[in-house]
Amino acid sequence: DAKTTQPNSMESNEEEPVHLPCNHSTISGTDYIHWYRQLPSQGPEYVIHGLTSNVNNRMASLAIAEDRKSSTLILHRATLRDAAVYYCILRDDFLRAQKLVFGQGTRLTINP
Amino acid sequence: SQTIHQWPATLVQPVGSPLSLECTVEGTSNPNLYWYRQAAGRGLQLLFYSVGIGQISSEVPQNLSASRPQDRQFILSSKKLLLSDSGFYLCAWSVERGGGFSGTEAFFGQGTRLTVV
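Residue numbers (my numbering), protein chains in the order written: chain G, 334 to 445; chain B, 21 to 137.
Just so you know, the hints here were simulated from the structure itself, not pulled from any lab data.
It should be emphasised that the depicted structure is a prediction, and the values quoted were computed from it without experimental measurement.
Some clues are possibly wrong.
[Said to hold, decoys possible] The calculated lysine-lysine pairs, modelled on DSSO-like cross-linking and capped at a C-alpha distance of 30 Å, are:
{"hint": "1", "chain 1": "G", "residue 1": "Lys432", "chain 2": "G", "residue 2": "Lys402"}
{"hint": "2", "chain 1": "G", "residue 1": "Lys402", "chain 2": "G", "residue 2": "Lys336"}
{"hint": "3", "chain 1": "G", "residue 1": "Lys432", "chain 2": "B", "residue 2": "Lys99"}
{"hint": "4", "chain 1": "B", "residue 1": "Lys100", "chain 2": "G", "residue 2": "Lys402"}
{"hint": "5", "chain 1": "G", "residue 1": "Lys336", "chain 2": "G", "residue 2": "Lys432"}
[Stated by the list, open to error] What follows is a set of in silico ranges between Cβ atoms, one per label pair, in the way DEER data are often shown:
{"hint": "6", "chain 1": "B", "residue 1": "Ser87", "chain 2": "G", "residue 2": "Pro354", "range": "36 to 44 Å"}
{"hint": "7", "chain 1": "G", "residue 1": "Thr363", "chain 2": "B", "residue 2": "Ser78", "range": "20 to 28 Å"}
{"hint": "8", "chain 1": "B", "residue 1": "Thr30", "chain 2": "G", "residue 2": "Glu399", "range": "46 to 54 Å"}
{"hint": "9", "chain 1": "G", "residue 1": "Asn444", "chain 2": "B", "residue 2": "Trp27", "range": "43 to 51 Å"}
{"hint": "10", "chain 1": "B", "residue 1": "Glu125", "chain 2": "G", "residue 2": "Glu399", "range": "39 to 47 Å"}
{"hint": "11", "chain 1": "B", "residue 1": "Val80", "chain 2": "G", "residue 2": "Ser361", "range": "23 to 31 Å"}
{"hint": "12", "chain 1": "G", "residue 1": "Pro354", "chain 2": "B", "residue 2": "Gly74", "range": "35 to 43 Å"}
{"hint": "13", "chain 1": "B", "residue 1": "His25", "chain 2": "G", "residue 2": "Asp400", "range": "27 to 35 Å"}
{"hint": "14", "chain 1": "B", "residue 1": "Thr23", "chain 2": "G", "residue 2": "Ala398", "range": "35 to 43 Å"}
{"hint": "15", "chain 1": "B", "residue 1": "Pro28", "chain 2": "G", "residue 2": "Met392", "range": "28 to 36 Å"}
Yeah, the Cβ is synthetic: ideal placement off N, Cα and C, and Gly gets one too.
Construct the entire structure; sequences and hints are all you get.
Pasting the structure below:
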């Protein structure tokens, strides 16, 4: 499995933007970049995914480097409810049978 | 719409007792199914995944087993629980179309918090 590297923890203030980085230097041409987050005592939930172009949805934005070796999840205006562990995962969607493996993720703390 | 059911929400079992956790998915067919465990304060560990009925891949040798008797049913079992089996167990599903379709997302159940005493 192609690996990703994320900081163990980050801290930000409420109502400020948050930029969560992810390095994936061994990404292949068919790997999609997925982000999930896990709120306390809950299962992970999907946040966003992309292949080459930057992506926006109601939850966040995903900025993908031109060489695709890194990406950044952007929370435009963090709230206390955004405090969670954020996981960056690579998935090859050309493969029918594949695992879904999570790393350690980034624990995001939001200060009021 | 698709939903995933996982039960029970909490479970306290004595060491040496058997375990059966069930997960069912509604509203989709031929999903990939996954079992994860999360020890307290730790990351998500993939235990088993399945791409079809009767097809189980084990990621970590351990005291647990999984079965998929029906397309949308995934069962996690143990014959004799150990203290180290305590944790938060999560079931998940995804539909993997493959072949160049846009990325697919996975959906997780609410989890079962197992305490072995």
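Hints and how they fare:
1. Lys432/G - Lys402/G: The given pair, whose Cα atoms are some 21 Å apart, holds under the 30 Å limit.
2. Lys402/G - Lys336/G: holds, 11 Å
3. Lys432/G - Lys99/B: holds, 25 Å
4. Lys100/B - Lys402/G: Distance ~45 Å between Lys100/B and Lys402/G Cα, so the pair is violated.
5. Lys336/G - Lys432/G: OK: Lys336/G and Lys432/G at ~13 Å, within 30 Å.
6. Ser87/B - Pro354/G: 36 to 44 Å: Given a distance of about 40 Å, which is inside 36 to 44 Å, the answer is holds.
7. Thr363/G - Ser78/B: 20 to 28 Å: Between Thr363/G and Ser78/B, where Cβ atoms are some 26 Å apart, the hint holds.
8. Thr30/B - Glu399/G: 46 to 54 Å: holds, 47 Å
9. Asn444/G - Trp27/B: 43 to 51 Å: violated, 36 Å
10. Glu125/B - Glu399/G: 39 to 47 Å: Hint violated: Cβ distance 25 Å, outside 39 to 47 Å.
11. Val80/B - Ser361/G: 23 to 31 Å: holds, 25 Å
12. Pro354/G - Gly74/B: 35 to 43 Å: holds, 41 Å
13. His25/B - Asp400/G: 27 to 35 Å: violated, 42 Å
14. Thr23/B - Ala398/G: 35 to 43 Å: holds, 36 Å
15. Pro28/B - Met392/G: 28 to 36 Å: Between Pro28/B and Met392/G, where Cβ atoms are some 30 Å apart, the hint holds.
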